[in-house]
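J.: Residues per chain, in single letters:
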Amino acid sequence: MSGTLGSLFDTPPLIEQQRMVEAILFASAAPLTLREIAERLPKGADPEAALAALATHYEGRGVHLVQVGEGWAFRTAADLGHLMTREQVETRRLSRAATETLAIVAYHQPVTRAEIEEIRGVSVSKGTLDHLMELEWIQLGRRRQSPGRPVTFVVTDTFLDHFGLASARDLPGLSELRAAGLLDSRPTPGTADPDAAEPDA
Amino acid sequence: MSGTLGSLFDTPPLIEQQRMVEAILFASAAPLTLREIAERLPKGADPEAALAALATHYEGRGVHLVQVGEGWAFRTAADLGHLMTREQVETRRLSRAATETLAIVAYHQPVTRAEIEEIRGVSVSKGTLDHLMELEWIQLGRRRQSPGRPVTFVVTDTFLDHFGLASARDLPGLSELRAAGLLDSRPTPGTADPDAAEPDA
Amino acid sequence: MPDDQLQAIAERRAAEALVVDVAGFEGPLDVLLTLARTQRVDLRQISVLALAEQYLGFVAAARRLRIELAADYLVMAAWLAYLKSRLLLPPDPSADEPSGEDLAAHLAFQLERLEGIRRVAAMLMARDQLGRDVFARGAPETLSTRRTVTHEATLLDVMKAYARIKTKEAFEPFHLRREAVYTMEDALERMRSLLGTAQHWSELAAFLPEGWDQSGGRRRAAVAATFAAALELVRDGALELRQDRRFGPIELKDRST
Chain X
1 MSGTLGSLFD TPPLIEQQRM VEAILFASAA PLTLREIAER LPKGADPEAA LAALATHYEG
61 RGVHLVQVGE GWAFRTAADL GHLMTREQVE TRRLSRAATE TLAIVAYHQP VTRAEIEEIR
121 GVSVSKGTLD HLMELEWIQL GRRRQSPGRP VTFVVTDTFL DHFGLASARD LPGLSELRAA
181 GLLDSRPTPG TADPDAAEPD A
Chain S
1 MSGTLGSLFD TPPLIEQQRM VEAILFASAA PLTLREIAER LPKGADPEAA LAALATHYEG
61 RGVHLVQVGE GWAFRTAADL GHLMTREQVE TRRLSRAATE TLAIVAYHQP VTRAEIEEIR
121 GVSVSKGTLD HLMELEWIQL GRRRQSPGRP VTFVVTDTFL DHFGLASARD LPGLSELRAA
181 GLLDSRPTPG TADPDAAEPD A
Chain E
1 MPDDQLQAIA ERRAAEALVV DVAGFEGPLD VLLTLARTQR VDLRQISVLA LAEQYLGFVA
61 AARRLRIELA ADYLVMAAWL AYLKSRLLLP PDPSADEPSG EDLAAHLAFQ LERLEGIRRV
121 AAMLMARDQL GRDVFARGAP ETLSTRRTVT HEATLLDVMK AYARIKTKEA FEPFHLRREA
181 VYTMEDALER MRSLLGTAQH WSELAAFLPE GWDQSGGRRR AAVAATFAAA LELVRDGALE
241 LRQDRRFGPI ELKDRST
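Residue numbers (the working numbering), protein chains in the order written: chain X, 1 to 201; chain S, 1 to 201; chain E, 1 to 257.
Be aware that one or more of the hints could be misleading.
What the hints assert, rightly or not - If you want the footprint, here are the derived chain E segments under chain S, 3+ residues with CB under 8 Å:
1) 74 to 85
2) 110 to 124
Unchecked claim - Distance windows between CB atoms, simulated:
3) ALA29(X) <-> HIS57(S): 36 to 42 Å
4) SER123(S) <-> GLY44(X): 33 to 39 Å
5) ARG149(S) <-> LEU155(E): 30 to 36 Å
Stated by the list, open to error - Residues of chain E clear of chain S, computed beta-carbon distances all greater than 12 Å:
6) ALA10
7) ARG13
8) ASP30
9) VAL41
10) ARG66
11) GLU141
12) HIS151
13) GLU152
14) ALA153
15) GLY211
16) ARG219
17) ARG246
By construction, these hints were calculated from the structure, which means they are not laboratory data.
Just so you know, even glycine gets a beta-carbon here, dropped at the ideal spot from N, CA and C.
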């Protein structure tokens, strides 16, 4: 039997598609994208509808269906975290420099190293960026189309997954920061900032 | 936060206990026994009742609550097992050794292994011949009526079929190969690597 | 103690803590932000003049305590001293420079932006985190991949392969066929070891190596090499050579006897 075999038959009813998506997502620890899910469903299936039905079914349960960037995953309900002490992974507390750098990347992305330094008022040690990249919370984005073509940093889906964010637009306090104009790029008076660029893309 | 905190409050209702068992079993790496589940639940909870309710809730779903030995665990429904397997067909180029061996069999059949080696100028591994036999492109012919009665190899109908030949005699002769420019060409770089494989074709 | 006295003590302690903790700061902007907080006003309404004075006081205190200050703290001090002068002096309309107010506003913006990032960073860290509050499936069922490999070859591949075998020799790298060459080095070595045996005049041909004394190219090669080696030994004074007549046999004799 294979997934492609299904195409020989009629597309299964939505309730059956829902079961399939449920099984596929349950089996995976990492989020799966809509495309990855669709690839494993019979032809003609509607993964989006199945996901929506599934999300409703799991509302209020001990396990939730959550969206993580482009992907979907089952995660335990946050209010039950205290029951999972044995599953808790011991993580080293992020240093203050790393926490701030991560926040700057998340809220100002795509952002160059020079911009991170400008915001923190202190140089960024390579170790900090390396550490965040090792955690797979940040990654290299596109090069900035400005002199020197500096690399930019952006947050990853792993970051969104870790902090339970459906997308970078759901970052806490994002709208307040934007409303206060704190995400604007304002060059120092009297200097032409070569890296000045759109704060949000 | 800790599990013991729950005991300070009243025992949560069964539906809440069900949520708890659901989350605990979902996050656990291994099946949990009734006792292990009870240890993680607030005092006064009834894990048996919660498990029973949970099993009912998951009946007919894509994921089932199943008993594994002494323990309990979630498992994807058996009828959806095919979704957990990804079929992948990879087409690879035949290795150079196999192509040359196949060519010799086609042009010189019936031919013994020793003769193939003499023509190629290098030894022919049994693996190469086995591989060609698995592909059903060559097969054993009559034994040669010479000392040792060595086996011979001939091409199969599958080979002729695959290459669109009515018979092995239809293969172009050396002069025709030369006319086609094939004899003047040095081995093309792409075919020089005996194991050169195209990952996807 | 009266409140104002208590507050004075608290402020002094805070100032001391600032200096002692200088290593704990994440740069001059961090120090400024901490100082700005003591003004207990909205960062937009902050007195940059007062802030500059506090920072310069902080740097002076740190130097009095002989605390090594990183260059960027001193750069900031110099910049703030400049900013202070710009704020105190009336603007020079002829100077093509940003006004003191512009510079002060930008500093206030930087401080506000840093504080904003710190606020949201704290909010971010307070979220439910995977592996701490929220958990993924503990026993993921691995997606097995059943890989079927098919091998493909075209008729052209087969024909080319055959062509390749049949024309292999034509493409073999050029090798000198050395087996018909007897080098002078070989001959010299052989002659040296045989010198002692030539007590009397002996024919050169007798010194040809075994297998090279038949006719043909091999013999010619051996004769040439042996003759050249003999000439070499004559030059060294180890050997005498003679030939009675043209094309006659060449004879040699050990010279030491």
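J.: Compare the structure with each hint and give your call.
T.: Evaluated hints:
1. Beta-carbon proximity to chain S at under 8 Å applies to 0 residues in the stretch 74 to 85 of chain E; the threshold of 3 is not reached and the given coverage is violated.
2. Figure legend: the stretch 110 to 124 of chain E, annotated as covered by chain S; annotation inconsistent (0 residues with Cβ-Cβ distances under 8 Å, at least 3 required).
3. One distance hint, 36 to 42 Å for the beta-carbon pair ALA29(X) and HIS57(S), is violated here, with the actual separation near 22 Å.
4. At about 54 Å, the CB distance of SER123(S) to GLY44(X) disagrees with the hint of 33 to 39 Å.
5. Between ARG149(S) and LEU155(E) the C-beta distance comes to about 32 Å, which sits within the given range of 30 to 36 Å.
6. With a least beta-carbon separation of about 34 Å from chain S, ALA10(E) lies farther than 12 Å from that chain, consistent with its non-interface assignment.
7. Listed as outside the interface, ARG13(E) is consistent with that label: its C-beta sits roughly 34 Å from the nearest C-beta of chain S, beyond the 12 Å cut-off.
8. For ASP30(E), the shortest C-beta to C-beta distance to chain S comes to about 32 Å, beyond the 12 Å cut-off, and the non-interface label holds.
9. The Cβ of VAL41(E) sits about 37 Å from the closest Cβ of chain S, beyond the 12 Å cut-off, so the non-interface label holds.
10. No Cβ of chain S comes within 12 Å of the Cβ of ARG66(E); the nearest lies about 47 Å off, and the non-interface call holds.
11. Once the 12 Å rule is applied to beta carbons, GLU141(E) is inconsistent with being away from chain S; the minimum gap is 6 Å.
12. Here HIS151(E) does not stay apart from chain S, with its beta-carbon only about 5 Å from theirs, under the 12 Å limit.
13. Residue-level check failed: GLU152(E) sits 5 Å from the nearest beta carbon of chain S, not beyond 12 Å.
14. Consistency note on ALA153(E): stated as away from chain S, yet its beta-carbon is not over 12 Å from all of that chain's, at 4 Å minimum.
15. The Cβ of GLY211(E) sits about 28 Å from the closest Cβ of chain S, beyond the 12 Å cut-off, so the non-interface label holds.
16. Chain S leaves ARG219(E) outside its interface by the beta-carbon criterion, the shortest separation being 32 Å against a cut-off of 12 Å.
17. Every C-beta of chain S lies more than 12 Å from that of ARG246(E), the closest at about 51 Å, which supports listing it as non-interface.
Against the hints set out earlier in the document, violations occur for numbers 1, 2, 3, 4, 11, 12, 13, 14.
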